[in-house]
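**Student:** Okay, here's what each chain looks like letter by letter:
Protein chains: 2
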Amino acid sequence: MKARVEIRFRPGVLDPEAVAIGKALRHLGFSDVRGVERRKVLELELEAGDARTARERVERMCEALLANPVIETYRIDILD
Amino acid sequence: MKARVEIRFRPGVLDPEAVAIGKALRHLGFSDVRGVERRKVLELELEAGDARTARERVERMCEALLANPVIETYRIDILD
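Chains as they are written, first to last, in our numbering: chain A, 16 to 95; chain B, 16 to 95.
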């Protein structure tokens, strides 16, 4: 079973890498860039009997390792 | 106008960070994890008159800075 986790910063948390990407793009002449947000996506291949179990497992993985709940939120999609 | 770029490694390119995440998960007891793939997602806020122009601009950004075409592929979605 495949699960997709999308992790993003909470609103208001500064992402210096996204700011740097925006600056670099404008420096390269892409002055039409108004803003950049960055996300992390992980696709996990799991042994799980059903989608509900898979989602619960991935939620526990997010809390334990994948996301930092202080500054990040995450969304889980079970793909098949 | 908003564009979303998803950048992933080409098949066969080793992603040490993804491997490390898989190992760490299994080490934490998530022995049901069979594989991990990592992607980068960027959401760009652009000044662009129409979706076609926006897509062309973002393609040029990918070639110039956002992706490394030797080891990465990218997909662009224009969101609105």
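Warning: the hint list may mix true and false statements.
Note that the list lumps identical chains together, so a pair holds whenever it fits in one copy or between two copies.
[As the list claims (entries may be wrong)] List time: in silico BS3-like cross-link candidates among lysine-lysine, alpha-carbon distance up to 30 Å: (1) LYS17 <-> LYS38; (2) LYS55 <-> LYS17; (3) LYS38 <-> LYS55.
It should be emphasised that the hints constitute simulated quantities derived from the structure, not laboratory data.
**Student:** Each hint: holds or not?
**Tutor:** Status of each hint after checking the structure:
1. Proximity of LYS17 to LYS38 under the C-alpha cut-off of 30 Å is restricted to the inter-copy arrangement: shortest distance 17 Å between copies versus 36 Å within a copy.
2. Taking the shortest alpha-carbon separations for LYS55 and LYS17, both the intra-copy value of 16 Å and the inter-copy value of 18 Å come in at or below 30 Å.
3. In the homo-oligomer, the alpha carbons of LYS38 and LYS55 lie at most 30 Å apart both inside one protomer (20 Å) and across protomers (18 Å), since each shortest distance falls under that limit.
In summary, this structure violates none of the numbered hints.
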